[in-house]
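J.: Listed here are the chains, written in short residue letters.
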Amino acid sequence: QKEVEQNSGPLSVPEGAIASLNCTYSDRVSQSFFWYRQYSGKSPELIMSIYSNGDKEDGRFTAQLNKASQYVSLLIRDSQPSDSATYLCAVKGAGRRALTFGSGTRLQVQP
Amino acid sequence: GAGVSQSPRYKVAKRGQDVALRCDPISGHVSLFWYQQALGQGPEFLTYFQNEAQLDKSGLPSDRFFAERPEGSVSTLKIQRTQQEDSAVYLCASEYQETQYFGPGTRLLVL
Chain A
9 QKEVEQNSGP
19 LSVPEGAIAS
29 LNCTYSDRVS
39 QSFFWYRQYS
49 GKSPELIMSI
59 YSNGDKEDGR
69 FTAQLNKASQ
79 YVSLLIRDSQ
89 PSDSATYLCA
99 VKGAGRRALT
109 FGSGTRLQVQ
119 P
Chain B
1138 GAGVSQSPRY
1148 KVAKRGQDVA
1158 LRCDPISGHV
1168 SLFWYQQALG
1178 QGPEFLTYFQ
1188 NEAQLDKSGL
1198 PSDRFFAERP
1208 EGSVSTLKIQ
1218 RTQQEDSAVY
1228 LCASEYQETQ
1238 YFGPGTRLLV
1248 L
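Line by line, the protein sequences give chains A and B. Read left to right, the first sequence gives residues 9 to 119 (the numbering used here). Read left to right, the second sequence gives residues 1138 to 1248 (the numbering used here).
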């Protein structure tokens, strides 16, 4: 079992719809959670970070964390074609400085 | 301000050659990380520096991989006797307040 699991996709949504990206992690003591966006051939770019249970909103993006279920998600409202990219979930465990990444979910927003 | 920079951006090496990859972190960032990203996968941790001290090298895949950061700023990742399985994108990240900022990466192709 991988430490951080994501559906590889592609997840295809129409423009204007809500895209829902999901991630599960195996290390129960993980403390910090991040969503990165990676365009093809580019480096990862931080979208959201979340540290406590519940929702965190930033513009069109909402991160949701449920530590009991070991689950973190990213919602993208009013999806735009420019949101088409791979979304990487990353987790930082207790006492660790390095990020553990999932394999990423490829999102396609259809105009 | 300037972000993380890496050089070279692309490197083609013949199997058995030694290569050196450079990372210039964001000025003032104490923590520096190296990751390896294979095609279609998320980045995987290689090693971590705090200033000039290499505090975690648990991700280095073999003793052919060596990293240094002698003055606590620029870091070099060296791969000796390259193998085809070393072909990947090597990402450097520097960290500030729990957030890791990635450089553009070096794409290494070993023939």
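Since the hints were derived computationally from the structure, they do not count as laboratory data. On a predicted model such as this, the values are computed, not experimentally measured, just so you know. Where a beta carbon is used, it is the ideal one built from N, C-alpha and C, also for glycine. Heads up, a few of these hints could be off.
[What the hints assert, rightly or not] Straight line, CA to CA, 27 Å or less: simulated DSSO-like cross-link-like pairs of lysine-lysine:
| id | chain 1 | residue 1 | chain 2 | residue 2 |
| --- | --- | --- | --- | --- |
| 1 | B | K1215 | B | K1151 |
| 2 | B | K1148 | B | K1194 |
| 3 | A | K10 | A | K75 |
| 4 | B | K1215 | B | K1148 |
| 5 | A | K100 | B | K1151 |
| 6 | A | K64 | A | K75 |
| 7 | B | K1148 | A | K100 |
| 8 | B | K1151 | B | K1194 |
| 9 | B | K1215 | B | K1194 |
| 10 | A | K100 | A | K75 |
| 11 | A | K10 | A | K64 |
| 12 | B | K1148 | A | K10 |
| 13 | B | K1194 | A | K50 |
| 14 | B | K1151 | A | K64 |
| 15 | B | K1148 | A | K64 |
| 16 | A | K100 | A | K10 |
| 17 | A | K50 | A | K75 |
| 18 | B | K1194 | A | K100 |
| 19 | A | K50 | A | K64 |
| 20 | A | K50 | A | K10 |
| 21 | A | K50 | A | K100 |
[What the hints assert, rightly or not] Computed list of chain B residues with no C-beta within reach of chain A, every gap over 12 Å:
| id | residue |
| --- | --- |
| 22 | A1175 |
| 23 | G1179 |
| 24 | F1202 |
[As the list claims (entries may be wrong)] Derived contacts from chain B toward chain A, CB cut-off under 10 Å, selection only:
| id | residue |
| --- | --- |
| 25 | Q1143 |
| 26 | S1144 |
| 27 | K1148 |
| 28 | G1165 |
| 29 | Q1178 |
| 30 | L1183 |
| 31 | A1190 |
| 32 | L1192 |
| 33 | D1193 |
| 34 | S1199 |
| 35 | L1228 |
| 36 | Q1237 |
| 37 | F1239 |
| 38 | P1241 |
| 39 | V1247 |
| 40 | L1248 |
J.: Checked against the structure, which of the hints given earlier come out wrong?
T.: 5, 7, 12, 14, 15, 17, 22, 23, 26, 27, 28, 31, 34, 39 and 40
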